[in-house]
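Model the placement of chain B on the given structure of chain A, informed by the hints.
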Amino acid sequence: DQQVKQNSPSLSVQEGRISILNCDYTNSMFDYFLWYKKYPAEGPTFLISISSIKDKNEDGRFTVFLNKSAKHLSLHIVPSQPGDSAVYFCAASVVYGNKLVFGAGTILRVKS
Amino acid sequence: DTGVSQNPRHKITKRGQNVTFRCDPISEHNRLYWYRQTLGQGPEFLTYFQNEAQLEKSRLLSDRFSAERPKGSFSTLEIQRTEQGDSAMYLCASSPGLMAQYFGPGTRLTVL
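Line by line, the protein sequences are chains A and B. At position 38 of the first sequence the residue is numbered 38 (this note's numbering), and the sequence of numbers has no breaks. Converting from the second sequence to this note's numbering requires adding 112 to each position, the first position being numbered 1.
No lab work stands behind these hints, which were simulated from the structure alone. These figures come from a predicted structure and were not determined experimentally. Treat the hints with care, since some could be wrong.
Claimed, not checked - Distance condition first, Cα-Cα at most 30 angstroms in a straight line; then the derived DSSO-like pairs of lysine-lysine:
1) A:Lys99 to A:Lys56
2) A:Lys56 to A:Lys71
3) A:Lys99 to A:Lys5
4) B:Lys126 to B:Lys169
5) A:Lys99 to A:Lys54
6) A:Lys71 to A:Lys99
7) A:Lys71 to B:Lys169
8) A:Lys5 to B:Lys169
9) B:Lys183 to A:Lys99
10) A:Lys111 to A:Lys99
11) B:Lys123 to B:Lys169
12) A:Lys5 to A:Lys111
13) A:Lys56 to A:Lys111
14) B:Lys169 to A:Lys99
15) A:Lys68 to B:Lys169
16) A:Lys71 to A:Lys5
17) A:Lys99 to B:Lys123
18) A:Lys71 to A:Lys54
Pulled out of the complex, with its shape left as it was, chain B reads as follows:
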């Protein structure tokens, strides 16, 4: 399968803990995006990278959130000091430049 992969698929954590998610984009896709989706809503943009450069961050991305794409391949999204409001589906997408974005299956985060 050469689609976008995300790990873990599910994460349950206690409030105040740190969590990290990983996204592996489609090979040779130079753009990588992170979105968050809550129940009954469409995905909301968080941030995106072109190669290793983080080009845009949403104001939704508080200082507790950090994303990296160190070698321009996979990316990680870390949430520090998780809060119950962080519970959501975290979606990663990739694209080969100025093209449609292809999404992974998501990581469902539950903060207790």
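Chain A on its own, in the form it takes in the complex:
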């Protein structure tokens, strides 16, 4: 069963605009959520995380929002840049530092 779902396989955004990537989860035991970015031929790179006790976490151009009641989180990138073009993975864990459960990823293309 797919506990973490990224329902949009791809997203295309104009440079300078906002990119919004979405993620849904089914396991109510998940307590920590992370976003990773992956370029071709490289491993995933950690971007930002959020604990279930928060509903928002910001780091520069990246903001993650968590809606526990809806079991939904989103990553906002503002402003989007061409270098942001990559595959973005949402991941969750029951205990921070334990195994991660990943979604299938969303391909983001930022057009200049």
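Quick look at chain B alone, frame taken from chain A:
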């Protein structure tokens, strides 16, 4: 470069052969994780270590797979009697305890 390193980066083998991959984590990271990623999917958890102790193994890790971290530093993942279904990207990650995981570039395995 003090990131996670993995060797080899690519491995082509014939069905039935044994293969071994190596992962060198970030220095002083006591947790080390192995994941497998196939095309169009997110990484799937295989196993993880805290120091030299293997704390959890996924049911994906059949008896043909074995992982070790003998001195709590580098780790090896061995696949015996490889099958075509083992073809995937094998990712290693490390973390300094209960923190985000940092991934290496992966080893791409092709079983002919």
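Structure-based check of all given hints:
With a C-alpha separation of about 23 angstroms, the suggested pairing of A:Lys99 with A:Lys56 holds against the 30 angstroms cut-off. Distance hint between A:Lys56 and A:Lys71 is fulfilled; the C-alpha atoms sit about 14 angstroms from each other, no more than 30 angstroms. At roughly 17 angstroms between alpha-carbon atoms, A:Lys99 and A:Lys5 fall within 30 angstroms of each other, so this suggested pair holds. Only pairs whose Cα atoms come within 30 angstroms are accepted, and B:Lys126 paired with B:Lys169 is accepted, the gap being roughly 26 angstroms.
A hinted pair counts as satisfied when its Cα atoms are at most 30 angstroms apart, and A:Lys99 with A:Lys54 qualifies at roughly 21 angstroms. Distance check on the hinted pair: A:Lys71 and A:Lys99 sit about 19 angstroms apart at the alpha-carbon level, within 30 angstroms; holds. Of the pairs offered as hints, the one joining A:Lys71 and B:Lys169 holds, with about 27 angstroms between alpha carbons and a cut-off of 30 angstroms not exceeded. Note on A:Lys5 and B:Lys169: the hinted pairing holds, with a Cα-Cα distance of about 23 angstroms set against a maximum of 30 angstroms.
Between B:Lys183 and A:Lys99 the CA atoms are separated by roughly 21 angstroms; this keeps the pair inside 30 angstroms, and the hint holds. Between A:Lys111 and A:Lys99 the CA atoms are separated by roughly 34 angstroms; this puts the pair beyond 30 angstroms, and the hint is violated. Of the pairs offered as hints, the one joining B:Lys123 and B:Lys169 holds, with about 23 angstroms between alpha carbons and a cut-off of 30 angstroms not exceeded. Distance check on the hinted pair: A:Lys5 and A:Lys111 sit about 25 angstroms apart at the alpha-carbon level, within 30 angstroms; holds.
With a C-alpha separation of about 27 angstroms, the suggested pairing of A:Lys56 with A:Lys111 holds against the 30 angstroms cut-off. This hinted pair checks out: B:Lys169 and A:Lys99 have alpha carbons roughly 10 angstroms apart, not beyond 30 angstroms. About 28 angstroms separates the Cα atoms of A:Lys68 and B:Lys169, which keeps this hinted pair within 30 angstroms; it holds. Taking the CA atoms of A:Lys71 and A:Lys5, the gap is near 11 angstroms; set against the 30 angstroms cutoff, the hint holds.
Taken as a hint, the A:Lys99 and B:Lys123 pair is honoured in the structure, with Cα atoms around 26 angstroms apart against an allowance of 30 angstroms. Distance restraint check for A:Lys71 and A:Lys54: the Cα-Cα separation of roughly 13 angstroms lies within the 30 angstroms cut-off, and the hinted pair is therefore satisfied.
In this structure, the one hint that does not hold is number 10.
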